[in-house]
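Take the given structure of chain A and dock chain B to it, following the hints.
Number of protein chains: 2
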Amino acid sequence: MTAKSQHQWTADAREVLRVDEGFRLIDVDPRSTPGYGGDKVDGHNDLASGVAQLDELQERLYAASRSDATDASVLLVLQAMDTAGKGGIIRHVVGSVDPQGVALAAFKRPTEEELAHDFLWRIEKRVPEPGLIGVFDRSHYEDVLIGRVRELAPADEIERRYGAIVDFERRLAESGTRIVKVMLNISADEQKSRLAERLDRPDKYWKYNPGDLDERAAWPDYMAAYQTVFERTSTEHAPWYVVPADRKWYARLAVQALLLETLEDIDPQWPAATFDVEAEKARLARSW
Amino acid sequence: MTAKSQHQWTADAREVLRVDEGFRLIDVDPRSTPGYGGDKVDGHNDLASGVAQLDELQERLYAASRSDATDASVLLVLQAMDTAGKGGIIRHVVGSVDPQGVALAAFKRPTEEELAHDFLWRIEKRVPEPGLIGVFDRSHYEDVLIGRVRELAPADEIERRYGAIVDFERRLAESGTRIVKVMLNISADEQKSRLAERLDRPDKYWKYNPGDLDERAAWPDYMAAYQTVFERTSTEHAPWYVVPADRKWYARLAVQALLLETLEDIDPQWPAATFDVEAEKARLARSW
Numbered sequence: 001m002t003a004k005s006q007h008q009w010t011a012d013a014r015e016v017l018r019v020d021e022g023f024r025l026i027d028v029d030p031r032s033t034p035g036y037g038g039d040k041v042d043g044h045n046d047l048a049s050g051v052a053q054l055d056e057l058q059e060r061l062y063a064a065s066r067s068d069a070t071d072a073s074v075l076l077v078l079q080a081m082d083t084a085g086k087g088g089i090i091r092h093v094v095g096s097v098d099p100q101g102v103a104l105a106a107f108k109r110p111t112e113e114e115l116a117h118d119f120l121w122r123i124e125k126r127v128p129e130p131g132l133i134g135v136f137d138r139s140h141y142e143d144v145l146i147g148r149v150r151e152l153a154p155a156d157e158i159e160r161r162y163g164a165i166v167d168f169e170r171r172l173a174e175s176g177t178r179i180v181k182v183m184l185n186i187s188a189d190e191q192k193s194r195l196a197e198r199l200d201r202p203d204k205y206w207k208y209n210p211g212d213l214d215e216r217a218a219w220p221d222y223m224a225a226y227q228t229v230f231e232r233t234s235t236e237h238a239p240w241y242v243v244p245a246d247r248k249w250y251a252r253l254a255v256q257a258l259l260l261e262t263l264e265d266i267d268p269q270w271p272a273a274t275f276d277v278e279a280e281k282a283r284l285a286r287s288w
Numbered sequence: 001m002t003a004k005s006q007h008q009w010t011a012d013a014r015e016v017l018r019v020d021e022g023f024r025l026i027d028v029d030p031r032s033t034p035g036y037g038g039d040k041v042d043g044h045n046d047l048a049s050g051v052a053q054l055d056e057l058q059e060r061l062y063a064a065s066r067s068d069a070t071d072a073s074v075l076l077v078l079q080a081m082d083t084a085g086k087g088g089i090i091r092h093v094v095g096s097v098d099p100q101g102v103a104l105a106a107f108k109r110p111t112e113e114e115l116a117h118d119f120l121w122r123i124e125k126r127v128p129e130p131g132l133i134g135v136f137d138r139s140h141y142e143d144v145l146i147g148r149v150r151e152l153a154p155a156d157e158i159e160r161r162y163g164a165i166v167d168f169e170r171r172l173a174e175s176g177t178r179i180v181k182v183m184l185n186i187s188a189d190e191q192k193s194r195l196a197e198r199l200d201r202p203d204k205y206w207k208y209n210p211g212d213l214d215e216r217a218a219w220p221d222y223m224a225a226y227q228t229v230f231e232r233t234s235t236e237h238a239p240w241y242v243v244p245a246d247r248k249w250y251a252r253l254a255v256q257a258l259l260l261e262t263l264e265d266i267d268p269q270w271p272a273a274t275f276d277v278e279a280e281k282a283r284l285a286r287s288w
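One line per chain: the protein sequences are A and B, in this order.
Quick note: the first sequence, position 39, residue 39 per the UniProt record's numbering, numbers continuous.
Quick note: the second sequence, position 284, residue 284 per the UniProt record's numbering, numbers continuous.
Chain A on its own, in the form it takes in the complex (with noise of 0.2 Å):
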């Protein structure tokens, strides 16, 4: 908490907004502001102060990557309704960082070629590498979410996928990967007044498809999902937090100081000269 000790955060982010035993998705205002004592004028600003923080944190881990002084990479799993403000997050708390640092995968409706494959094919092939901050918009988890609510794989095959993932989520642990899933929470009425938002306004239309609407329809079979994803895949080494999301300027400030928190539990270090500082001196000053 260090970093945001002058801040409005009354507690630690990844506290107030784990899942842990016993929590239930229809317990959560999506409204609501857990752990900030803030308003909206105050999150602008806080967000403003984490930027340079992130960026700085980001950097040292990259650099001791470089140097074989750490294995620890980050990766940001985004799961969300439609409009719930994944772009915004990745625009305004990822794209804060410097983008050599970032390595962002956005996951749409499978191919042939992956779906011939195991769900975690295509996801392996984009975990970050060491010094990485990696996102990835939409994930595995869509597998167990449209994928059950569609009903695209067989019960018993949905079944097994849980366990999968745990399993695949605890050998990128062992890696090095802090991962930092985030499911951001916005009700059914301001998902409304978002879509009714792009239908008012010519540049948004693109942003709108008429499927939407389909997926809208099956709100509570997603909620349902959801809170079954939440039971079976929240863990020790890889837990779900929920972001209040009706709020943009709340969900972004707390991403960011998830990914804050996270960076300062690594605490990445300036790596040591790996060479002879005053001999490079030297050479470089006898250098024409």
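Worth double-checking, as some hints may not be accurate.
When chains are identical, the list treats them as one kind, so a pair holds in a single copy or across two.
Claimed, not checked - Under the rule of at most 30 Å between Cα atoms (straight-line distance), these lysine-lysine pairs were calculated in the DSS-like manner: (1) Lys125 x Lys207; (2) Lys248 x Lys192; (3) Lys108 x Lys125; (4) Lys40 x Lys192; (5) Lys248 x Lys40; (6) Lys108 x Lys40; (7) Lys40 x Lys204; (8) Lys108 x Lys281; (9) Lys248 x Lys281; (10) Lys248 x Lys207; (11) Lys204 x Lys281; (12) Lys207 x Lys108; (13) Lys40 x Lys125; (14) Lys248 x Lys204; (15) Lys281 x Lys192; (16) Lys207 x Lys281; (17) Lys248 x Lys108; (18) Lys125 x Lys281; (19) Lys40 x Lys207.
No lab work stands behind these hints, which were simulated from the structure alone.
If you're wondering where the values come from, they're calculated on a predicted model, not measured in any experiment.
Chain B in isolation, oriented as in the chain A frame:
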């Protein structure tokens, strides 16, 4: 030039920086600021104003590509001697664009697998999709720069590559990619002081490699190799731009201007709705 009309540019960046017939690298002053009438403070202000323009133009390009309204993409190729500021361009110019609209590819020393293929094999795989700004941090030009200076391939193979590059880039251009090739041109003196800074600051040690001085020793050979690159590969469809880079603020501003002018040329428009807007509004209103 519309977008920059209130600013301190006195000419189109593409006009003043393009490598044309008779260009000689040795004639360029790395501390100069061609086409720009302002100083460092103006430069920072103009860079900041360009951020929102670049971001909107990129989003329009992406939107247009989603509805098949365009097959256009932009490919920024960055080449330079060490410390010339590629990283700063990526952080401060490219980094101001939504990460979802950028495809960054850093080409390092080729792997065994890459070396077993033609030199363009690994490049082809990273060509940007329509709607994106692709950025090559180093590129296929390494194969005729370090490739030539360090004699990593026979002379006739190096010779063959110039033609292969021209053909490759023509094919890219014909399929909609606007290629912007930038050489960041620093002086040997400026490099010396930037290397000295890396040796003075423990948070910069990780950026220093003793091999950098070996490359520095071959400076005149590299300049000759660049001169040949310009003569053989600066074409109508894929011109080179030589950007004086001793002043970081100018180099960043100039590359931003090159991207802005390229996107303004494409002039991407928000695509029309591909659905019946009123019918969708009615469906949304009826949804729960």
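How the hints compare with the structure:
no.: 1; hint: Lys125 x Lys207; in the structure: both (28 Å within a copy, 28 Å between copies)
no.: 2; hint: Lys248 x Lys192; in the structure: within (15 Å within a copy, 47 Å between copies)
no.: 3; hint: Lys108 x Lys125; in the structure: both (15 Å within a copy, 19 Å between copies)
no.: 4; hint: Lys40 x Lys192; in the structure: within (22 Å within a copy, 47 Å between copies)
no.: 5; hint: Lys248 x Lys40; in the structure: within (9 Å within a copy, 36 Å between copies)
no.: 6; hint: Lys108 x Lys40; in the structure: neither (32 Å within a copy, 44 Å between copies)
no.: 7; hint: Lys40 x Lys204; in the structure: within (24 Å within a copy, 37 Å between copies)
no.: 8; hint: Lys108 x Lys281; in the structure: between (51 Å within a copy, 26 Å between copies)
no.: 9; hint: Lys248 x Lys281; in the structure: between (50 Å within a copy, 23 Å between copies)
no.: 10; hint: Lys248 x Lys207; in the structure: within (17 Å within a copy, 37 Å between copies)
no.: 11; hint: Lys204 x Lys281; in the structure: between (55 Å within a copy, 14 Å between copies)
no.: 12; hint: Lys207 x Lys108; in the structure: within (14 Å within a copy, 36 Å between copies)
no.: 13; hint: Lys40 x Lys125; in the structure: neither (38 Å within a copy, 43 Å between copies)
no.: 14; hint: Lys248 x Lys204; in the structure: within (17 Å within a copy, 36 Å between copies)
no.: 15; hint: Lys281 x Lys192; in the structure: between (63 Å within a copy, 10 Å between copies)
no.: 16; hint: Lys207 x Lys281; in the structure: between (55 Å within a copy, 14 Å between copies)
no.: 17; hint: Lys248 x Lys108; in the structure: within (23 Å within a copy, 39 Å between copies)
no.: 18; hint: Lys125 x Lys281; in the structure: neither (41 Å within a copy, 40 Å between copies)
no.: 19; hint: Lys40 x Lys207; in the structure: within (26 Å within a copy, 39 Å between copies)
In this structure, the hints that do not hold are numbers 6, 13 and 18, in rising order.
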